[in-house]
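J.: Using the sequences plus the hints, can you model the full thing?
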Amino acid sequence: MTRRLAAALGVAVLLAGPPAPAHHVGAWSPRDNEVSANFKQLKFSLQAGKLDVARRLYVEGALRRELLARRAALPPGLDTAIRRALETCDVGAAEGGLMVFVAALARDLAREAERQLADPADPPAARLATGRRFLEAVWRYYNLIDFAVTQRDARAATTVRLAFDEAEGIVRGPARGTSPAPPAALEPAAAVARLGAVFRRVAEVLDGLVARAAPGATG
Amino acid sequence: MSAPRGSARTAPAAAADAWRLPPAWVLLVAVLLIACAEVGGASMVQFKLELSRWARGQMLARPDVHGLVGVRDVDEPVLDEALTKFDAGLRLFHLHGEGMGTVIVVAAMVTTTLVEAPALRRAILLLVTVGGAVYPVGYLVWSALIPYQGLARSRAIAEWAVWIPFGGAAIAAMWLLTAALALRLLRRRPAGAVP
Numbered sequence: 001m002t003r004r005l006a007a008a009l010g011v012a013v014l015l016a017g018p019p020a021p022a023h024h025v026g027a028w029s030p031r032d033n034e035v036s037a038n039f040k041q042l043k044f045s046l047q048a049g050k051l052d053v054a055r056r057l058y059v060e061g062a063l064r065r066e067l068l069a070r071r072a073a074l075p076p077g078l079d080t081a082i083r084r085a086l087e088t089c090d091v092g093a094a095e096g097g098l099m100v101f102v103a104a105l106a107r108d109l110a111r112e113a114e115r116q117l118a119d120p121a122d123p124p125a126a127r128l129a130t131g132r133r134f135l136e137a138v139w140r141y142y143n144l145i146d147f148a149v150t151q152r153d154a155r156a157a158t159t160v161r162l163a164f165d166e167a168e169g170i171v172r173g174p175a176r177g178t179s180p181a182p183p184a185a186l187e188p189a190a191a192v193a194r195l196g197a198v199f200r201r202v203a204e205v206l207d208g209l210v211a212r213a214a215p216g217a218t219g
Numbered sequence: 001m002s003a004p005r006g007s008a009r010t011a012p013a014a015a016a017d018a019w020r021l022p023p024a025w026v027l028l029v030a031v032l033l034i035a036c037a038e039v040g041g042a043s044m045v046q047f048k049l050e051l052s053r054w055a056r057g058q059m060l061a062r063p064d065v066h067g068l069v070g071v072r073d074v075d076e077p078v079l080d081e082a083l084t085k086f087d088a089g090l091r092l093f094h095l096h097g098e099g100m101g102t103v104i105v106v107a108a109m110v111t112t113t114l115v116e117a118p119a120l121r122r123a124i125l126l127l128v129t130v131g132g133a134v135y136p137v138g139y140l141v142w143s144a145l146i147p148y149q150g151l152a153r154s155r156a157i158a159e160w161a162v163w164i165p166f167g168g169a170a171i172a173a174m175w176l177l178t179a180a181l182a183l184r185l186l187r188r189r190p191a192g193a194v195p
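Each protein sequence line maps, in turn, to chains E and X.
The letter at position 146 of the first sequence is residue 146 when you use this note's numbering, and the numbering goes up by one with no holes.
The letter at position 174 of the second sequence is residue 174 when you use this note's numbering, and the numbering goes up by one with no holes.
Since the hints were derived computationally from the structure, they do not count as laboratory data.
Given the structure is predicted, the values throughout are model-derived calculations rather than measurements.
What you were told as hints is all true, and nothing was included just to trick you.
Using C-beta positions, here's what the derived DEER-type ranges look like: (1) E/188 to X/184: 54 to 62 angstroms; (2) X/123 to E/122: 49 to 57 angstroms; (3) E/216 to X/45: 52 to 60 angstroms; (4) X/76 to E/189: 25 to 33 angstroms; (5) X/181 to E/187: 55 to 63 angstroms; (6) E/69 to X/58: 25 to 33 angstroms.
Where is the CB? At the ideal position from N, CA and C, for every residue including glycine.
T.: Structural data, given as structure tokens:
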């Protein structure tokens, strides 16, 4: 009886299945960079009606430093418009100006993503991995302003979100039960081409948004 | 001076029930592992900045390995994740080294005292000591490989070279010990006894 029990225990140990591959190695989630952290501080200050705090955070913050560094690629007078809005307590205009800047950051990243995806020097699988990283970076910025964009240009916001959904499906595979044809079945080269097209669409929509929402723009 | 009541009976019984010391080499390995874990923890704190700078420099020197694209907004989260995991590997070595050192001492003591079959006792001691001592080193290997091999590949190497074989050995030892103790209990129960 005991021999049988021992044998059974031994077999159970041996056949307990392969060792679990998921060893505990810690968790990581992306952190804010100094621009996005400054943006959030500004947004919360504006929402709380603390315009003096927001003004100081903007003038001394990393967001403005980045804005001035990228001045050439931004609508003219954006910095002046944001500062004037903060001084005159025009919360809507200040939020709009910040939205334009962050949208321009996301647009530039989408353009760079499209450029790198089109570079034939790397194999398609590597470009697809690069595209996934760009997608996360673009989304980190766009996610900051999604609500503001939806309030001002619902059509642009919907187009961008649909484009992100499509891109997610291309780089990670479709959600279960979704249609149409699963993009995960695509060859890497075809997936890269589709991803490039998605980034182009995102860049175009955000470029239009920046142009329409820029200070002094009509309509 | 009279002896305490029952001392004639309790002295041999106490000798029979006393915990026996595991072999010296097992204790040496366990204590050495704990000492290494302590040194690792202290070094991790003392040289945190230097270690981070070194790892970051190594990663920047290997953009292809880490998929760096030359755009700050894309690369910084990649580097941040790798550095966080690099640091986590050192921390986990420290934690597992201390923990497994203690596990080896306790498991070896239980094995030496209660497992009667010599072959089984030796097998359990060998598995728990070697497996338990080398398993935490896997975290150190993982951490050291991250700057050179990237997150996924370094983890796969550590997993297949260290964690699975040596962690598996430690797990097998614990199950063998469990089975041996269960058998011992079953054998000691008198025939026809009501549980």
